[in-house]
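Student: Protein chains in written order, with our numbering: chain A, 19 to 304; chain B, 175 to 488; chain C, 5 to 284.
Rather than coming from a laboratory, the hints here were simulated on the basis of the structure. One or more of the hints may lead you astray.
Part of the chain C face toward chain B, derived, beta carbon under 10 Å [as the list claims (entries may be wrong)]:
#1 Phe60
#2 Lys89
#3 Lys91
#4 Gly157
#5 Leu180
#6 Gly183
#7 Ile225
Being a predicted model, the structure only gives us computed values, none of them experimental. Beta carbons are placed, not taken as given, at the ideal position from N, Cα and C, and that holds for glycine.
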Amino acid sequence: MALLAVLFHRFCQLILFLTVFLALSLFSILIIRGMPSLNLSFIMDPMANAGLSGGVRYQILGSLMLILSAAIFATPVALSFCYCFQNIPQFRKPLITVLYALNSVPSIVLGFLAFLLFAVYLNWGKSWLAGGLILAIMVTPSLSFFLIDGLRALPSTYSETAKSLGLSADDRWWKLYVPLLVKPYLTGLFLSLGRAAGETAPILFVASVFYGATLPSGIKDNPVLSLPYHIFQLSQEAYQPEALDRLWSSALLIVLIVLVLQAPYYYFFWNRNRKGSKHAKLKLTR
Amino acid sequence: MAISGFAKTQNSEIFYLFRDGRFKVSATRLMSIAIVGFVTLISLSAFIFLIWKSSDALMREGLSFFSTANWHFRDHSYGALALFLGTVVTAVFSLLICAPFSLFGAWALQNLRSEKLRLSIEALVTLMASVPSVVYGLLGILLLRPALLQTFSFYGMETGGGLLTASILLSIMILPTLFSLQLESFSKLSKKYQEQALSLGLSRTKFFWSIVFPLGLPAILSSFALGFGRAAGETVAVFLVIGRLDNKLPTEGGWIDYLLNAGQSITTKLGGPEIFISYQSPQHESALLLLALCLVLMSIGTSSLLLTISKGKV
Amino acid sequence: MFIRALFSLGMGILVLSSQAEASIKIQGSSTVGPIVVKAAEILKSNKDIDIVVDTFGGSAAGLSSLASETAQFGMISKEISEEDKKKYSNVHFTTHLIGSDAVAMVISKKLYDQGVKSLSLSQLKEIYEKKITNWKKLGGPDQKIIFLNKEPGRGTWEVFVKAVYGQGNVPSISHLEVGSNEEAKSKVINTPGGITQLSVAWAQKDPRVKVLGLSIDGKLILPDEHSIRSKKYPMARNLYLVSSKPLNDGQKILLDFLYSEAGQNIVEDYGYLRVRQNTK
């Protein structure tokens with residue numbers, strides 16, 4: 019019996035070791051294959067020769083435009099969800115349902131619907147704004163959950179004191195909660211933006227092209243280049259030697275960008291676990 | 175909107191405009207409700223649009239949409255059985271491959287004595303989740319496919335791409351999700367019952383199988399549901415490695431051939447060129463929308479399954 | 005604070021949308037794509053014209069984006085078929101010939117060295133219909149034939165079925181699918197026993213793939229300039245830019261450039277055939 023117990027324990031440790039080994043090799047391969055071609059000129063130069071030479075300047079800028087517009091649209095929506103959650107108890111369950119539902123829609127369906135709405139029905143052609151709006155829909159649930167959890171984690175004495183001081187619901191919202199929500203907001207925003215920066219499926223049909231777009235000059239018919247789409251297209255000619263180097267570098271670059279964006283989250287994650295403070299209840303992992 | 179008797183709680187002030195002569199609804203409140211309402215309305219209309227537009231295909235194809243593998247858009251025939259099977263098989267397989275790794279790995283992690291090491295590994299695995307799916311697809315093409323082709327060509331694998339490849343790739347992608355959820359549950363249960371178990375003289379293994387696993391089952395199952403939903407909805411990574419072969423069923427050649435070789439899933443069908451081709455072909459478009467609707471229902475289904483299971487737990 | 009932010013965002017969007025878009029959107033075939041991309045690079049530096057190119061979806065996407073007005077030019081590597089005209093009955097397409105090319109049946113060099121050198125059209129048909137499944141029946145090694153079919157929306161695919169099936173019905177058979185020329189070439193190199201339809205120019209530029217000759221009436225016809233221009237090679241095809249509306253200035257500049265010596269040199273650089281003055 020004891021032998022079995024020890025065997026099982028060792029077995030679990032072996033599995034863990036394999037998992038860690040997998041994770042480490044994943045990142046190592048990216049770094050080893052991607053580092054050589056990842057230099058300043060790669061980042062700063064525009065693409066040349068259909069991706070076989072040059073850099074990814076406009077892909078980075080395009081991705082940035084997409085996630086920035088996603089942030090701009092998602093912020094008021096997430097704040098509104100949080101406000102309604104806090105101040106209108108009757109709405110709580112339906113709101114959570116809507117958020118969970120939005121969160122579980124597969125990204126390709128969002129992309130398909132976005133294509134029908136923006137490119138076909140509204141006749142926007144391929145537009146960066148359409149991409150931003152769709153990414154905003156993807157970002158909103160996760161951001162809302164961060165905000166809601168942020169509020170829940172506050173000790174009840176805060177709101178009790180505020181109420182006893184005679185502050186109205188709105189005053190409480192703007193003067194008490196919103197300042198306290200800045201930290202969860204930023205953490206959640208960057209985490210979600212990091213995820214959005216890597217998404218390909220939503221922008222596949224409505225916002226991204228492979229060549230030619232630089233900075234948009236309007237809304238309709240103004241696509242952008244983006245890193246994930248670049249990698250997607252380039253990976254289909256993966257056996258061309260020049261393309262291969264650039265592929266690895268683009269992949270490494272996009273992982274680095276996502277990690278940089280999500281760094282605040284990991285920082286707080288590390289500290290939170292060390293201090294042992296309350297775990298977020300509504301954990302939305304993807 | 176005169177929903178006056180809306181709720182009998184103390185906060186029944188949502189829609190009262192005037193009360194005691196004071197204007198009760200503030201701008202913030204109005205705007206928040208407006209924004210939330212707008213977003214909800216859009217989501218709802220999108221869903222209704224999906225149902226409405228796909229009903230045409232459903233009526234035209236009827237049950238054969240679900241029961242035949244006959245997707246030939248040029249002949250206007252849309253039997254999507256192979257697609258459904260592809261999605262479900264890859265998702266289930268990826269769960270099968272991933273579950274032991276995440277379960278036992280999380281348990282080993284929980285029992286690590288060094289806090290620092292534990293946090294580092296947890297962070298590392300969570301980092302895996304940050305890798306975009308395109309990059310996983312790339313790794314699939316460049317590393318996984320050749321490796322699998324070498325290993326399995328003896329068993330009949332032809333191109334290295336296929337359902338098995340997709341399943342393995344998906345299992346790597348959902349691993350962090352399952353891992354962190356299960357770790358959380360194990361951690362809670364350990365904290366709660368560790369002392370009692372120790373005092374009873376239970377080994378860690380016995381502790382796991384008699385206490386942690388049974389009590390943590392709701393959380394584990396809900397993590398599986400989440401993983402399934404994620405795997406079923408993943409597009410880009412699967413698109414690049416699955417081979418995109420329509421209408422193949424395990425009946426023609428057996429399960430081994432089916433798994434080792436190319437196939438198609440709902441997401442890879444939707445991620446392909448048929449979306450562009452279907453423009454101005456209402457039948458084709460309707461069939462694609464029906465596919466999308468089924469996918470959404472599957473995802474929402476697993477998501478609500480998750481919610482109900484997790485309500486069962488603490 | 006909220007309201008002010010939203011207001012300024014709204015103003016910003018209004019301002020942005022009032023500016024007209026200054027670039028030409030081109031969508032379509034991955035065969036024509038490289039030519040247009042190269043021309044666009046040159047025009048951008050010389051004439052400061054913005055051209056945006058995308059090849060997701062191939063020739064079919066080229067036509068559908070013209071119809072949905074998502075693009076101003078479509079690129080196609082085939083003729084506009086009756087089916088296309090029926091489907092887009094409300095759109096009037098104008099084709100502009102910029103070069104010609106042919107579709108070749110391509111295998112990996114390894115397979116070629118193992119004895120597979122040519123096919124007849126009827127053998128092609130049998131491979132497509134999965135009646136021949138092993139290369140040994142065609143003089144090659146004992147290896148399963150893996151037909152990497154171009155997606156049915158691709159110009160290359162339509163040229164192929166037209167040559168093999170003529171006006172007859174194309175059977176609906178599912179094969180592994182590849183999308184762009186890039187993907188087809190990559191996959192055929194790395195799939196043992198693979199065969200695919202690929203642009204001749206692309207095949208000739210890569211030593212890892214080999215073009216199969218077509219044996220027609222006993223004669224072996226390889227796709228070279230003579231056989232393509234004389235249409236002896238059945239899978240010859242023209243490369244077009246397609247428009248659906250009167251051309252704007254930018255589009256005229258692009259076309260003029262492509263018709264010019266410099267433009268046609270680009271066409272040849274990529275391995276395609278230039279437009280002869282008397283074939284228009």
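Student: Hint by hint, note whether the structure agrees.
Tutor: These are the hints, each one checked on the structure:
no.: 1; hint: Phe60; in the structure: holds, 7 Å
no.: 2; hint: Lys89; in the structure: violated, 12 Å
no.: 3; hint: Lys91; in the structure: holds, 6 Å
no.: 4; hint: Gly157; in the structure: holds, 5 Å
no.: 5; hint: Leu180; in the structure: holds, 5 Å
no.: 6; hint: Gly183; in the structure: holds, 7 Å
no.: 7; hint: Ile225; in the structure: violated, 29 Å
Violated hints, in rising order: 2, 7; the structure is consistent with all others.
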